[in-house]
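Whenever a hint applies, use it, and build me the whole structure from the sequences.
So you can see what is in the structure, the chains are spelled out below.
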Amino acid sequence: MGGYLPAAPEERARQYEALGLSGPRALYRDVPDQVYLDAPLDLPAPKSELEARQSLEHLAAQNVRFPTILRGAGAYDHYIPAAVSAIAAKEEFVTAYTPYQAEISQGVLQSIFEFQTMICELTGMDAANASVYDGASAAAEGVAMCRDRKRTKAIVSGAVHPDVIATIRTYCFGADTEVVVTTVKEGRTDLTGLVDDQTACVYIQQPNFYGLLEDGAALAAAAHAGGAKLIAGVNPITLGVLESPAAWGADIAVGEGQPLGLPLSWGGPYLGFMATTQAMMRKLPGRIVGQTADAQGRRAFVLTMQAREQHIRREKASSNVCSNEALCALTASVYLSMMGPGGLRQVGEQCFAKAHYLADALCALPGVRLRHPGPFFHEFVTDLPASADVLAGLEARGILGGLPLEGGLLWCVTEKQTREELDKAVSIVKEVLGIWN
Amino acid sequence: MELIFERSRPGRGSDLLPPLDVPECPVPAQFARKQAPRLPEIGESDLSRHYQALARRAFGVCDGFYPLGSCTMKYNPKLGEAAAALPGFTGIHPLQPAHTVKGCQLVMAQAEYALCRITGMDRMTLQPAAGAHGEFAGLLLIKAYHRHRGDKARTVILVPDSAHGTNPASAAMAGFTVRNLPSTAEGLVDLEALKAACGPDTAGLMLTNPNTVGLFERDILEITKIVHGAGGLVYYDGANLNAVMGVARPGDMGFDVCHLNLHKTFATPHGGGGPGSGPVGCKEFLAPFLPGSALCGNGGDHSIGQVRAFHANFLVVVKALAYLMRLGSTGPAEAARGAVLNANYLKHKLEEAGYASAFPGLCMHEFVLTLEALKKETGVSALDVAKAMLDDGIHPPTMYFPLIVHEALMFEPTETETPETLDQAAQVMADILRRAKEDPESLHAAPHTTVVGRPDETAAARHPVVRYVFPEE
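Protein chains in written order, with the numbering used here: chain A, 1 to 437; chain B, 1001 to 1473.
It should be emphasised that the hints constitute simulated quantities derived from the structure, not laboratory data. Watch out, some of these pointers could steer you wrong.
Covered by chain B, according to a simulated footprint, are these stretches of chain A (three or more residues, beta-carbon under 8 Å) [unchecked claim]:
#: 1; region: 16-22
#: 2; region: 285-291
Among chain B residues calculated to face chain A with C-beta under 8 Å, some are [claimed, not checked]:
#: 3; residue: A1029
#: 4; residue: F1031
#: 5; residue: R1056
#: 6; residue: N1076
#: 7; residue: H1148
#: 8; residue: G1150
#: 9; residue: D1151
#: 10; residue: G1165
#: 11; residue: A1169
#: 12; residue: Q1306
#: 13; residue: F1314
Just so you know, these numbers come straight off a predicted model, no measurement behind them. C-beta atoms are modelled at their ideal positions from N, C-alpha and C, and glycine is treated no differently.
Next up, the structure:
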């Protein structure tokens, strides 16, 4: 009954008897009377499963689900192959604990080892961890990896996702590290004159918050010239077609893994990934799976380099992270395996082409223009009149339009949207703006 | 078994997308990738078998008894999974306009309300993604509170020596100095040591109650009074709330801020290590410091900022809300009593079987055995016993924690186990104890029936191989 207790009341009574106890109050004899609750909590009565299910379905039904989503800004509406959700729902994966007991956890450990390998392949790096909470906390942990007694400043590009900048600031408030946010020039990072001998790291995002492609190699060179590390926040869905961060000089690559098969889910759970070079591998926070062998020489996987972690090092640990997003990492691995290198490239190419198709069509309308010059990936900002009316017009026809941003709109297109949907969106914008040609 | 990369063959895969229906538009050469990532090329049927083989090599709560101390491996009701899979939740963009996400907002509000009632706190944020993440956020509330009052001298967080490793690690991340407090021989906070440690540099005390040896701190009202008297705040680590939910509330005990683990106490699954959710509750005077989001808003006037993007691990909150609805006003206490009853029942059975408890008498939801004497007598360690349990299909208890107990094994059976499961586990433990005395070698070599034996952890750490090495490398 209540509390999912499997034992019948009579069986529990026999357990009390076996212990020689009169009842619950005797179990809690160390709890002082002043704090012992002898009445039910001020909450609704317990619900049957049927009632609870109906309540939850009713809550879900109060949300508006947009058939067409042209909004990204850190959360992306990609196609999720049927096998991905089915495999990630296997009860053995869903209900397992962290694989500390390696002998009965080879399945979870191997799945993480495979995930680490895939993240290394995407980013071009030598080592990856088993995941952290999300892209924003991965960014903040990346900054923490670069902490240095002599270098106490972190430079963060102003063209980074606002939630990521704020998360880095919060972690740095904890560590008393100074955060300097760069100015943004035509939508891109302006590092001019900022990197000095106090700078521990420079954090940039590729593609950046406005969807634009940064000159990663130039920014990495500028960071390195000042003796600082370059941390790249990357969108993994782009890495089938865009050059890897390692190739253009990043020391650490982090990012939000949500585009890799995780539903939008109003913002979580998502997946933070972190990868780095051989040289910085032991600075990675959190769990890492390594390959080894048992006494018979059979290949085996274990959680490794645990001397970095909180349960061993306590206040001297490189991070406090304990639980991570293992099941989301497994989901991303299944997604990447389903897509393969060809499928991932196809997704990237379609995102790129479709976003440019929509941008061209919108900017062909009088009064609508791209805010920033130069190449973008699958997001772009338009300046247009009456953006609130445009969004309302789109919403009425089942389309979530671009994110309102300083008077403009930040649009996103993925492989999921058809040409028909994009044409429909453009025609609604035309209608709202009163363009009749 | 093979790695997925070893199953890969060039040219295999699945057709998942229709052809491009807009004009082609190539990525500029300057940004284009020169070498494709070596992702697996594999058909869906092989992929399905690969992951089924991995699932067989995993051990979930669905596979057997999981008395892992401090982790609350209770049954994860399927209602939560069903609710979290509703398209009305999974298909919602985090930056949709407010009037289109009323359902999500109600889920958050209802979960916050219930968790406030259960903890006796005034406010709750669901933003942190895990327990340690919540600790970090909660400690930043304490830091911001003292700073806001202009009191920069309070730089020390007191942590009992029995605490979870995350406590000192989180305090260090929040920029505090950690001062360890010794426990009494009874396993409780030493009041005299606490008084001596408190002073004008005390920012706060972090405490788990019941504590990590499974005992309720019976002097809790005195403890919180001492810390408050010195000008510090008291932080409740909610890892062990399962023992007392609905029975006693941290807010009534004098705690100012707490975190909860929805993936322990509130029955959401652990997922092989996550995702979890670590809400933070606080008293009203700390509300101005609560986190918000740069894009989503909702921060207090003097907010600490944010610890992750967007709102929360939302689907985990949905699962917890499903559980909270089922439990309602009376279920939390029923669950807690069931957990404490089962723990005492198993403790009693194991003591009858000849095991030594680290602390005598009644326990809360978990208890600690010490195998120190057994090790001296037979050479069989806590690790050996744990590994032998694997052969009997039981997930071992937490080993070598807390640090203040030698050869520790910490059991937490939870309320979702029947008496016969506990009886069978006690029988398995009795057999292992007999073998320890008759044939210790067989235990040193355990486990015998798993797909691999004990892996060489030293070699793994000394020469780390953390990604697959492709044949061409």
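Each hint tested on the structure:
1. 16-22: holds (count 4)
2. 285-291: holds (count 5)
3. A1029: violated, 10 Å
4. F1031: Constraint on F1031(B) satisfied, holds at 5 Å.
5. R1056: holds, 7 Å
6. N1076: Given a least distance of 5 Å, the restraint on N1076(B) holds.
7. H1148: Since chain A brings no Cβ nearer than about 13 Å to H1148(B), farther than 8 Å, the hint is violated.
8. G1150: Constraint on G1150(B) not satisfied, violated at 16 Å.
9. D1151: Hint violated; D1151(B) Cβ to chain A Cβ min 16 Å, cut 8 Å.
10. G1165: At 4 Å from the nearest chain A Cβ, G1165(B) passes the 8 Å test, so the hint holds.
11. A1169: holds, 4 Å
12. Q1306: At 5 Å from the nearest chain A Cβ, Q1306(B) passes the 8 Å test, so the hint holds.
13. F1314: holds, 4 Å
Checked against the numbered hints given earlier, this structure breaks hints 3, 7, 8 and 9; the rest are met.
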